[in-house]
Amino acid sequence: MHISEGVLPGWCLGVGWVLTAGGLYLGLRSIKGEKIPRTALLSAAFFIASLIHVPIGVTSVHLLLNGLAGALLGWAVFPALFVALLFQAILFQFGGITVLGVNTFNMAFPGVVAYYAVRPLLRRGTTGSLIAAGVLAALIGVFLAATFLSLELICIGSSFIKTAELAFLAHIPVAAVEAIINSFVFLYLKKSGIKLEV
Amino acid sequence: MRNFVLTLLSLLFLFSTPSLAHKISAFVDVEDGNVSIVSYFSDGTPAKNAKVTVYDSKGNVVLTGRTNKEGEFDFKIKKSGKYKAVVLAELGHRAVVDFTVGTPAGSSQSGTGGNTGTEIAEQKQSKSAAPPPTVAEFRKVLREELRPIHRELLKIEEAQSSISYKDVIGGLGWILGIFGAAMFGYCYRRREGGNAS
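Protein chains in written order, with numbering that gives the first Met the number 0: chain Z, 0 to 197; chain R, 0 to 196.
Keep in mind that a hint or two might mislead.
Straight-line Cα separation of at most 30 angstroms, DSSO-like style, residue types lysine-lysine; simulated pairs [as the list claims (entries may be wrong)]: (1) R/K57 <-> Z/K161; (2) R/K47 <-> R/K83; (3) R/K165 <-> Z/K34; (4) R/K77 <-> R/K139; (5) R/K81 <-> Z/K161; (6) Z/K161 <-> R/K68; (7) R/K78 <-> R/K139; (8) R/K47 <-> R/K57; (9) Z/K34 <-> Z/K161; (10) Z/K161 <-> R/K165; (11) R/K154 <-> R/K75; (12) R/K81 <-> R/K165; (13) R/K47 <-> R/K77; (14) R/K78 <-> R/K57; (15) R/K165 <-> R/K139.
It should be emphasised that the hints constitute simulated quantities derived from the structure, not laboratory data.
Just need the whole structure built from these sequences, with the hints factored in.
Written out as structure tokens, the structure reads:
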């Protein structure tokens, strides 16, 4: 779900950078104390997740884990994913430097939405609500990112419905795998007595 | 449960192929102004219905089109010179390829390909005793013959651009380093503040 360099027009890249800058500001302000290593850990997890590929039909997709990172970080998901995406662009040529703003927003904003959506469930803290939170975070993270991608590709004249259909279909298995991973991570953190909500 | 998660993750790693789905590659054959572009995803599946835009050396759009089911797009260019083709596939994938029309390099390329084509055509002829093949048939055979070479090239390209574990470890190191520095700065500032008050 990384948009390649040179696909989007300049104004689209500009809007992406402005939105990402706003998210980075809010995120960096919220990072304090023990949240710093937590951000580092989820940033590293996101960085690695893109290397795990699931081949699907005409294309192949990879885990995103933006829902998980968002649920555990809140607005700090912006700096976490920005750093991870920066190194993915530099080291593996996924995406690129100019589209970094757009790609960061695509991934991080759904994470923030997931954070607000699952916060009540994480607070309740029963096994059932933690599993529900895991599933919800995966669905929001993956499908909202696919929606943003489809919206941006309207800029270059792609039909929204067609792109969205492709992106959604391709990412159903990803969302399923992430739902399982998220639920186990939440349950494990709860069992280890680590604070879930930030 | 912890073991279960670990097993799940290791299974994922096992089944995953280290291909770069973020990339598509494009190859060009030029023969007397007939240009054929073939585009593949990095796992070798053709990029179907991808938009192809051809630019001349000045950056003007010469023509546009879409690839067929085999990821191919054929067109004719009469004017010799340098051209650039941009292939744009679904979900924001993009590949750029440069080619020249009407240069010695192009003709020699088609020359070597032509030899294999003739051999194949001769074999066919001896079997079925059909009339001599036309230029169009030659081209078709030629393209079929070149396909494995394209695949081979793609494999080499992929091997070159594949992710090395050095890069992965290096990237992780960078991430931890950056946040480590942030942690250091945070603790340092808090200690300073504590001394002042």
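Hints and how they fare:
1. Using a Cα cut-off of 30 angstroms, the hinted pair R/K57 and Z/K161 is violated, with the two alpha carbons roughly 33 angstroms apart.
2. Using a Cα cut-off of 30 angstroms, the hinted pair R/K47 and R/K83 holds, with the two alpha carbons roughly 20 angstroms apart.
3. Annotation: proposed proximity of R/K165 to Z/K34 holds, straight-line Cα distance about 28 angstroms (limit 30 angstroms).
4. Our distance criterion of 30 angstroms between C-alpha atoms is met by R/K77 and R/K139, whose separation comes to about 21 angstroms.
5. The suggested pairing of R/K81 with Z/K161 is violated, with an alpha-carbon distance near 34 angstroms, which exceeds 30 angstroms.
6. Proximity of Z/K161 to R/K68 is assessed by CA-CA distance (about 17 angstroms); at most 30 angstroms being required, the pair is judged to hold.
7. Distance restraint check for R/K78 and R/K139: the Cα-Cα separation of roughly 23 angstroms lies within the 30 angstroms cut-off, and the hinted pair is therefore satisfied.
8. Distance restraint check for R/K47 and R/K57: the Cα-Cα separation of roughly 28 angstroms lies within the 30 angstroms cut-off, and the hinted pair is therefore satisfied.
9. Restraint check: the Cα-Cα separation between Z/K34 and Z/K161 comes to about 40 angstroms, which exceeds 30 angstroms; the hinted pair is violated.
10. Restraint check: the Cα-Cα separation between Z/K161 and R/K165 comes to about 38 angstroms, which exceeds 30 angstroms; the hinted pair is violated.
11. Among the hinted pairs, R/K154 with R/K75 is consistent with the structure: their alpha-carbon atoms are about 28 angstroms apart, no more than 30 angstroms.
12. Only pairs whose Cα atoms come within 30 angstroms are accepted, and R/K81 paired with R/K165 is rejected, the gap being roughly 38 angstroms.
13. Our distance criterion of 30 angstroms between C-alpha atoms is met by R/K47 and R/K77, whose separation comes to about 26 angstroms.
14. For the hint pairing R/K78 with R/K57, the CA-to-CA distance comes to about 13 angstroms; that is within 30 angstroms, so the pair holds.
15. In summary, the hint linking R/K165 to R/K139 is not supported, as the alpha carbons are separated by about 43 angstroms, beyond the 30 angstroms threshold.
Hints 1, 5, 9, 10, 12 and 15, counting from the list given before, are not met by this structure.
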